[in-house]
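Q: Going line by line, the protein sequences match chains A and B. Note that the working numbering gives residue 423 to position 423 of the first sequence, counting from 1, and the numbers run on in steps of one. Note that the working numbering gives residue 24 to position 24 of the second sequence, counting from 1, and the numbers run on in steps of one.
These aren't lab readings, by the way, just hints derived from the structure by calculation. A couple of the hints might just be wrong.
Claimed, not checked - No more than 30 Å apart at the CA atoms, straight line, and that leaves these computed lysine-lysine pairs for BS3-like:
1. Lys307(A) with Lys329(A)
2. Lys525(A) with Lys71(B)
3. Lys537(A) with Lys71(B)
Note that the structure is predicted; figures quoted are calculated from it, not measured.
Residue-level listing of the chains:
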Amino acid sequence: MKNILKSTLAILGVLVTFSSCNNSSNSGQKSGALASNVAERVYVAPGEYDSHYAFLSGGYSGNLTVYGLPSGRMFKEIPVFSQFPTSGYGYSEETKPMLNTSHGFIPWGDAHHPDISQTKGEIDGRFIFINENNTPRIAKIDLKTFETTEIIEVPNSAGNHSSSFVTENTEYVVAGTRFSVPIPQRDMPIKEYKGNFKGALSFISVAPETGEMDIKFQVLMPGFNYDLSHPGRGKSHGWFFFTTYNTEEASTLLEVNASQNDKDFIAAINWKKIEEYVNNGGGTMMPANYAHNVYDESTHTATSTMKKEVRVVNPSEVPGAVYFLPTPKSPHGCDVDPSGEYIVGNGKLSANLTVHSFTKMLDAIENKKFAGEAYGIPILNFEDVLAGVVEQPGLGPLHTEFDGKGNAYTTFFISSEVVKWKLGTWEVIDRKPTYYSVGHLTIPGGNSGKPQGKYMFAMNKITKDRYLPTGPEMEHSAQLYDISGDKMELLLDFPTHGEPHYAAAMEASLIKERSQKIYKLADNKHPYAAKSDADTKVVRKGKDVHIYLTTIRSHFSPDNIEGVKVGDKVYFHVTNLEQDFDVPHGFAVIGQNNSELLVMPGQTKTSVWEPKQVGVWPFYCTDFCSALHQEMQGYIRVSAANSDTPIKWSLGEDIE
Amino acid sequence: MKKASIIMIIGSLLLLGLFKFPLWNIMLGAPQYPDPLGMNIYIDGIKGFSEFDLQNIDGLNHYIGMKTIPKANEMWEFSLFPKVIFGMAMLGVIIGLLGYFNKVSYKYFLGWFLLMSVLGVLGMYDFNNWLTDYGGNLDPHAIIKVTNPDGTPMSYKPPLIGFKKLLNFDVTSLPHTGGYLMFIGMSLTIVAFWLGRKTSLTTKT
Ligand SMILES: [Cu+2]
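Go ahead and model the full structure; you've got the sequences and the hints to work with.
A: Encoded structure:
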């Protein structure tokens, strides 16, 4: 109790200090005529394009949303880990396998940290990766189509949080576990956690050409919690850094029991060393069971394969590959500056920001200056690796990004602000309030060796008073700042969808021209595609009825179908014959138990319908596609289970 | 005369550009098509300006009952035109060569030009007929029927040359690279004639 009282007093003290700072910066804010200039800087005139794409994770929505900067307009929601009735993702037969896991079909996910693929330390705009926290998975979205094309489940992992950050040539995407668990999973008393649970840090290789993912190895670390991570870059390329908390290895009431140690660790992992070890046959294959789901763009179909083993590495088997850097206090964000020299550990409960030096770390390792070890892993001396401290910059530091001009920007959750400070001198340069309880922040390219630092946006957990209220539940909010000058300038508030944990952003020019407009019908290799009206047909196979259906403005072919019976399983395979940008057709049939379909030009999607009642039932196009969209409809006749109505279909004439 | 003959040969050979480049281009822009749809007319067939333009033009045109854009094998013109163009180019080269060796007079250059002009006018006449049929010969079951103020059915004939507004579409019809090469080539044969005449007059005096 005494402790709590003390810390409250301390926080109040710090607050007083900061509020004076805030006031001084507020009084300097522009107003009146100059403020209207701010509106011009985010105004994107009708028909004009934003200069940047931003990809915001949706947290509990399981999806990824695409925004334009500086307008803050939302362009698209990309379904990743959750079913999405808007397009039929996770409902259509082709996309159901994407959500397959070792726990079966999981229709929801908790999407956290998107990261764009890189080449030579620069964002290349090919793919974007994002992690799922709850049922550990990593997804890859192809930025040619803005569709999820691959999802790999991560075994031995739980709370896949310190993910999905990519190395500087996209050699690996990491998936670090937040919760340590028994590996392999087994029935054991929870109180025996300490020393028995382990934390798996997975290195998922990405094939240079295709982008195909594969778990190359997992490092089985001590049973701490692994919170966030960041690849080294430039001089520290080849290393990966992970923040830890609960180095106490408590299993209950963590808010107290995991906050006892004055310092937790940043785990520094020399993945190149482990990779070499693995390439020479190191590590052991461990039985596992995890799904690898791949969407094939030519068949428009995903397949799910269950993998049965994974290579694990015990860090003590690879001397010199893993070290612990003491970091105060329950660090959350782990961020590496563009040069690769500074590793920022944001101690949630620390009044100061700790910055480690990569050079000093190497030096300490070389001179074997160790303070001790944990589970066979050397612990370095705090003072030996410390580059500097940003003194009392704010309360509750979480995440840091960089502008490439020697400045860092850190979010402070408790004091709801972004603080700009200088690398090397550690002095605070500027601070701006956010609204409110800010989590992550993003600078376009900020997660690469070459930030494109004109804008920065902060993603907040609380929105109250920023927009018209919408009942108890509101969308979260982001604030966009111009960071091209010495001082940050607030430009815009914009609502975000779901809970945006992190975002990746980049100049639009890299993606825009490569964005695909249609799927070529000629390349459609879907086994049930009908590439012209001549290919349409209805085929019965036992109780399964396959309808090869086409759509074009403004009809289905066929539009009259008979011979289906109660108890059948009817597969509507809908091929959109259009080859025109932005002309999808929809498909829905009365009593459908899953969702509609939205079929892109040249694409085939399948919906299963199980008629339960005799009758003549309509189906129709759900996407207003043309002047005669309302006429885009058809009928399917359902006869009794024991009837002998023959299979027939027609378009443009009555069924004979 | 040698110079004139070489120009005659070059002029005739420029016709061969029609085997690579389109003769004519028709573009259709509309608010919902910020990237306009278009067709390039070659001497041996019609191609979309972009890969799927023909399919999309046909898709739009079916509302108003227009026929689909003809395939190469659906019009005799597309098998005849290449032969005529190739023949004329060869004829021009032969006349040029004969001129070079003083076997024929420069007047043949003008003869070739006049023949080419007659064929060209016939071609334009045929093209215009096709446009009239394409734009006016509509399916009586068309979904959308638009009439002129006087009650007659509206024609969707694209302009032979120039710009026209058809419903919400801005239609522009202009010669394309192959066409321009042909015009330049034909002009060169006139130059050849004029030059030949000049040299011949100088020699005589
Ligand atoms: Cu439709």
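Q: So, for every hint listed, does it hold in this structure?
A: Results for each hint:
1. Straight-line distance between C-alpha atoms of Lys307(A) and Lys329(A) comes to about 38 Å, which puts the hinted pair past the 30 Å bound.
2. Restraint check: the Cα-Cα separation between Lys525(A) and Lys71(B) comes to about 26 Å, which is no more than 30 Å; the hinted pair holds.
3. Under the criterion of a C-alpha separation no larger than 30 Å, the hint pairing Lys537(A) with Lys71(B) is consistent with the structure, at around 27 Å.
The structure fails hint 1 only (numbered hints given earlier).
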